[in-house]
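Spelled out, the chains give:
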Amino acid sequence: DAMVIQNPRYQVTQFGKPVTLSCSQTLNHNVMYWYQQKSSQAPKLLFHYYDKDFNNEADTPDNFQSRRPNTSFCFLDIRSPGLGDAAMYLCATSRDLKDLEQYFGPGTRLTVT
Amino acid sequence: GEDVEQSLFLSVREGDSSVINCTYTDSSSTYLYWYKQEPGAGLQLLTYIFSNMDMKQDQRLTVLLNKKDKHLSLRIADTQTGDSAIYFCAETDSGSARQLTFGSGTQLTVLP
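Chains as they are written, first to last, in our numbering: chain X, 2 to 114; chain S, -6 to 105.
With the rest of the complex left out, here is chain X (with noise of 0.2 Å):
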């Protein structure tokens, strides 16, 4: 009954090689959140999607782009990764943007090496 769904569960990567991350959902939730959580840090939106609409935060690096190629999946690519960019990797999708509840995935913990 998974209905956000992540992979990998750990990403290891090299500095400056570039990584894709991916969320997929069951939920058909127009909403699909990224956000980025350091170790012991709030949880941080870098982007959201509401349908094929792509809204960035303000505060979010030019290194982090996303893509949702349907309603079901969305993807977030690092460029190029740095070693601050090491963090927990959460998606999170919205049936819409006036809905309370976010539904979340168990997250991708991203290494740099």
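Hint data in this document are derived by calculation from the structure and do not stem from the laboratory. By construction, the Cβ of each residue, glycine as well, lies at the ideal position given by its N, Cα and C atoms. Any given hint could turn out to be false.
Stated by the list, open to error - Lysine to any residue pairs mimicking SDA-like chemistry, simulated, CA-CA at most 25 Å apart: (1) S/LYS60 - X/ASP100; (2) S/LYS60 - S/ALA34; (3) X/LYS39 - S/ALA34; (4) X/LYS45 - S/SER21; (5) X/LYS45 - S/GLN37; (6) X/LYS45 - S/ASN14; (7) S/LYS63 - X/LEU101; (8) X/LYS39 - S/GLN37; (9) X/LYS39 - S/LYS60.
What the hints assert, rightly or not - In silico contact screen, one side only, chain S against chain X (beta carbon under 7 Å); selected entries: (10) ALA34; (11) GLY35; (12) LEU36; (13) LEU38; (14) THR40; (15) PHE95; (16) GLY96.
Start from chain X and add chain S according to the hints.
Below, chain S without anything else, positioned relative to chain X:
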């Protein structure tokens, strides 16, 4: 900007009550939330409270909101080992889940 603060750690004995506290700065917060994150899992919404309420109870969970002091608490009655997790306080001022601001989370450890 908005700020949400929580203490990092709390330990309680099994069967005792746990109280996790949160303070926030945004006086226009409309909804306040408690999320739970178990090891290796995503965040799970436990409960939320609208800012015109001062208390909400749901089984073993009681949320208290002091809007004047901008203080939110989550009380877990009869705490069990399965309650061990990180608890995140969050708020939004727009009524939209889109603009959640999270605290750093409180690690609750339940001792046998």
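Hints violated by the structure (listed by number, smallest first): 2, 9 and 14
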